[in-house]
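Novice: Using the hints, put the two standalone chains together into the complex.
Chains as they are written, first to last, in the working numbering: chain A, 1 to 293; chain B, 1 to 343.
A couple of the hints might just be wrong.
One-sided and incomplete, this derived list gives chain B residues near chain A with beta-carbon spacing under 10 Å [what the hints assert, rightly or not]:
{"id": "1", "residue": "Arg13"}
{"id": "2", "residue": "Thr17"}
{"id": "3", "residue": "Ile44"}
{"id": "4", "residue": "Lys46"}
{"id": "5", "residue": "Tyr47"}
{"id": "6", "residue": "Leu48"}
{"id": "7", "residue": "Phe191"}
{"id": "8", "residue": "His231"}
{"id": "9", "residue": "Ser235"}
{"id": "10", "residue": "Tyr237"}
{"id": "11", "residue": "Asn285"}
{"id": "12", "residue": "Pro292"}
{"id": "13", "residue": "Val295"}
{"id": "14", "residue": "Ala298"}
{"id": "15", "residue": "Asn299"}
It should be emphasised that the hints constitute simulated quantities derived from the structure, not laboratory data. From the three backbone atoms N, C-alpha and C, an ideal C-beta is built for every residue, glycine too.
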Amino acid sequence: MEQLDKIIFGDNQFFGINHRSQEKAEEMLKRFENIDNIFEVYDNAFDCGIKGVMLNSNEKAEPICERFRANKSKYGDIAWYPSIPYAYKYANMVNEMGIFPAVNEVLFKGNTSSGVLGMIGKGANFIFTRDAMKIMEMLVDVEYKMFRGLNVKVFFLQNIVTDLMLGYGIKDVFEHFAEYVRKKYNVTPGFVTLNMPYLKSKLEEWGLEDIVICSSINAAGFHMHPSKEEYEKVIAANDPSKYQLMAMNVLASGSISVQESFDYINAQNLQSVVFGASSRAHIQSTVESIHLR
Amino acid sequence: MDKVRIGVIGMGRMGITHYSIINTHPGVEMTAIADTSGMMLNMIAKYLPAVKMFTDYKDLLTSGLVDAVIVCTPSVMHYEVCRMACEQGISVFCEKPFTTSPVQAKELADMFEAKGLVNQVGYVYRFDTVFAKVKEMLDKGLIGKVSHTAVQFLSSTISKPQKEKGWRSKRENGGGAAYEMGSHAIDLMEFFFGAPEKISGTMMGQVYSEAVEDIVDVQMSYKGSVGVNIHVNWSDYTYRKPMLKLDIHGTKGKIVADLYGYRLFLREADEAAGLPGGWTSVPMNMIPDPCPFYVRGANFTKQLYEFVDAILQGRRSGGCPFREAVDTQEVIHTIFRNGNVTA
Chain A
1 MEQLDKIIFG DNQFFGINHR SQEKAEEMLK RFENIDNIFE VYDNAFDCGI
51 KGVMLNSNEK AEPICERFRA NKSKYGDIAW YPSIPYAYKY ANMVNEMGIF
101 PAVNEVLFKG NTSSGVLGMI GKGANFIFTR DAMKIMEMLV DVEYKMFRGL
151 NVKVFFLQNI VTDLMLGYGI KDVFEHFAEY VRKKYNVTPG FVTLNMPYLK
201 SKLEEWGLED IVICSSINAA GFHMHPSKEE YEKVIAANDP SKYQLMAMNV
251 LASGSISVQE SFDYINAQNL QSVVFGASSR AHIQSTVESI HLR
Chain B
1 MDKVRIGVIG MGRMGITHYS IINTHPGVEM TAIADTSGMM LNMIAKYLPA
51 VKMFTDYKDL LTSGLVDAVI VCTPSVMHYE VCRMACEQGI SVFCEKPFTT
101 SPVQAKELAD MFEAKGLVNQ VGYVYRFDTV FAKVKEMLDK GLIGKVSHTA
151 VQFLSSTISK PQKEKGWRSK RENGGGAAYE MGSHAIDLME FFFGAPEKIS
201 GTMMGQVYSE AVEDIVDVQM SYKGSVGVNI HVNWSDYTYR KPMLKLDIHG
251 TKGKIVADLY GYRLFLREAD EAAGLPGGWT SVPMNMIPDP CPFYVRGANF
301 TKQLYEFVDA ILQGRRSGGC PFREAVDTQE VIHTIFRNGN VTA
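With the rest of the complex left out, here is chain B (with noise of 0.2 Å):
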């Protein structure tokens, strides 16, 4: 395959931006949109002529124009849109969160593996610069065994009581913090320490929203004893721009990160790695981070790109499987099971 035929379905905000990141690669035509509001569709129409635009994600699936597609629906519509693209042999990137439901999370990642067909989760912190060094880091063993990592997401998404009954008041539709913030911050855990092998002390509490949490809390272990706590709060009017932090802590160092750099304890100095002992510190403007177009950050390009020369590499991609996003749906699962949420 010398280009990949692709589709985006839903126009909203997302999709607008992996259309204008996707159509920058050289080895991609993009050949079709899927957008219920008939207003955006002949808005676009007339300057993308050679673009297909359907009303109906169905018809863009069964239309032979697209080897993959983006999918950018409301949450609770992935599951659907997903099968139906597998049954028509259609690689997927699917934002997240993947699905509302374990069950059918992990059916789908069965049906692509089954059929072979690429597919990825937009969990894009997994190529942030910053946490792919950790990533690197960790894998090298550079602080030891690692015994515990604490996770903080806030941000000030809901800042204010909430009078808009949007998809994304629904936690059924895949809105609320647990899916919007927890979900990347479950899957980082993933991404550094494979699936979790125990769920426990989840915690809910609410802010401002009522029909979903604005502040969630986790805990979990992983394999070799390697613990973990979440704490996410969507409703922290402190923080202008979302602010992901780490502190991991391992028996030869520690690294605190976060998406502005990250800085490294170390015991003792590692000769092989050209390290000293103590702290050192780096900036995110430290490592070079240069990608091929920027639109809204390195990792969006990163993880879109990632897709595409999987496709067209006839090999798995890089970014998260479904079958690792299906861990993470059980783990939030798990913590709307245990509720508890606290007004």
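With the rest of the complex left out, here is chain A (with noise of 0.2 Å):
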């Protein structure tokens, strides 16, 4: 499996994402309302070194990739992680007019760029109730779009998704899901959870290996279900050669002093780690921070 870089920067900071105070995140949202503020943090992080970017593909996020896109000279060896999908897009959708409309509206409807003929052309076969998979490639179309021509490393369902589908114990969805951006867009599947070592035993059970799993892991406990020691126990005894490992949330929402965080993260069988931050000092002296095994 190709080797995932030890630090990726997120992106909860550029869209008003912050788990311990709804103020922070305003004022963050605000900042970031102007596009070079997003590219001025960006700047300093790939300064302090760091080489990997994990992006949402939320509607702020497009023209961020087309900025990307557009400065290839500048930004061509940064490594892409994007997840999918931009869930309150859909949650909000799904209340207003019902699921099958709203998937009927996300693929057929308000999608006005080039690749959406050649998606009606897909779908105007299949009825709904025959082929929830061939629903599911489309979606993945339909987001994976955002992110094309940057340079994707791996593609993640995003723990809302993923959790959901998780709970139902489907193989079906995980596989084809897995097969689908392995074949069609040469990347390695992700899956971002909030239950790693539930979802790791599935996909032990259903023989799925060659996956990146991305979960909250910090020295709080915040966000490991069922609990911190069973993630300890199941990163201890992970394979990287089946399973690479991915940290996100390490600082808890700043609810634990950084050493601490990063004593414990360093510690760890991980391969990598993602954070988001908005000052160059606090990027800086996270970088620094950081030594995984």
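Specialist: See below:
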């Protein structure tokens, strides 16, 4: 399996996500309304030696991707770790119109870019009831378009979808997603989850390997379900040639000290860490603190 | 009983989520799903071969395949579904709001208690880490005698004029801010203080909706002269995510809590509890909150696991029982009766 970048720069700070404070989140949202401010942070991150970017396919990601593509000479060597879908968009649409009309809307309307004709062609023959996997492929294609032309290494399914599907325990969904992105886009499949031990045991049971698993891992035990102890056991026993583990939420939204956070992370059998920050000093000190084994 | 056989009635957004959560419980066997959408059933049938699909919930309830059901139909149907489940000796987890009539709510509470069946309504905030902690602090008497609580529940759920005429847009069907959000706030007060003794000062307002209220205010008093006022506004476009805030004033101190954490003010240090005088801030992420399987929030998992554990252990559920949901229904209908929608 292709090795992950050890340090990947995340996107929560850009999109007003802060698990600790709504006010802080709103302040960030305001600052990053201006895309120049986003790129100032990215440039700082790259100056500090970071070479990988994780970005969720939300509505603000499109212009970010566009600018990366337009400046290929500057950003061409950056590795991409996108995640799909932008769950809020779907949740709101499903709330407003129901599941099937929402899927229909995403696939066939409000989608005027060039790929859509091919998609309709592909969709014309299917009926929702016959082939759920084909619908999934089409949704993946719609979301993937945003990242075309970028150096994508791992393509992640967001935890909201991963964990919802994981609860159903349907092998086909995971197998199909993994094989589809591997074949069609030549990227490693990844799953973001808040239930890493459960997901990993299922993937093993289903014989699905060569997969990246991104999950909350931190000294505080924040969002480590069912327990921090269970995570530690699974991490220690993991074979990275089958599953590479990526840690997110390593600072547990600031509830533990930076020193304690990274002492913990550095002692684990992890392949990669994704973190977000908005000040150069913070990025620099974080990069200097990460020493994965 | 070593396994509970469960069916889900209504595979909308909540039904889909609940299925995923409870399917991970080791003491559960999912056996049946009912939904009126043949499209939904056909799509999932292929991937859940062990689960029987029904287009009519009545057939599910009489199939002999389930010990318990999770009811996620439009609220206006809750009464008939729960009633029939009870007649069949089936335990029920029912989504909120419980019913659309206090009389029906009471009838269901009586029926389920008479049969000794586990019954629970999905007032999920009782299982929220912060609010469960607040309840614990109140029960310990940490802030002394509570005299007043202010509750605000704000969201941008309806932030533009409504075109869609789904079931949520009608009050008779369980739509509107009082049912959707007010019911949660009212239930939380029931959880903290018991049944309300007096309901007064109700007001409803409209911002974007035509048939239902967007803003709800109600004042209530509880045993021991606890005064509560609740303000709900689901058209507050300044909130990206719903925000439920509490401000509880007692003789020895005060608790200010929201979904992100709580702040406790004590007039004097409480040595027994190991708490200093003045403010103590506890952000949500400092309260350990692991759950067996996380899909939408630890509280959603905890409430459903509690329902199943209660059945497996042959005891009452620790969630909101039908009996307490009757009180919430009464409050909501008092608000409706007093009318007073200001445009």
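Novice: Determine for every hint whether it applies to the structure shown.
Specialist: Verification of the supplied hints:
1. Arg13: Hint on arginine 13 of chain B: holds, closest Cβ of chain A at ~6 Å, below 10 Å.
2. Thr17: holds, 7 Å
3. Ile44: Constraint on isoleucine 44 of chain B satisfied, holds at 8 Å.
4. Lys46: holds, 7 Å
5. Tyr47: Because about 5 Å separates tyrosine 47 of chain B from the closest Cβ in chain A, which is inside the 10 Å limit, the hint holds.
6. Leu48: Holds - the Cβ of leucine 48 of chain B comes within 10 Å of chain A, reaching about 7 Å at its closest.
7. Phe191: Hint on phenylalanine 191 of chain B: violated, closest Cβ of chain A at ~24 Å, above 10 Å.
8. His231: This interface hint is violated because 18 Å lies over the 10 Å limit.
9. Ser235: Where the cut-off is 10 Å and the nearest Cβ of chain A is about 15 Å from serine 235 of chain B, the hint is violated.
10. Tyr237: Hint on tyrosine 237 of chain B: violated, closest Cβ of chain A at ~13 Å, above 10 Å.
11. Asn285: holds, 5 Å
12. Pro292: Cβ of proline 292 of chain B sits 5 Å from chain A, so the hint holds.
13. Val295: The hint holds - valine 295 of chain B has a Cβ within 10 Å of chain A, the shortest such distance being about 5 Å.
14. Ala298: Result: holds, 8 Å to nearest chain A Cβ.
15. Asn299: This hint is violated: asparagine 299 of chain B lies away from chain A, its Cβ roughly 13 Å from the closest one there, beyond 10 Å.
Violated hints, in rising order: 7, 8, 9, 10 and 15; the structure is consistent with all others.
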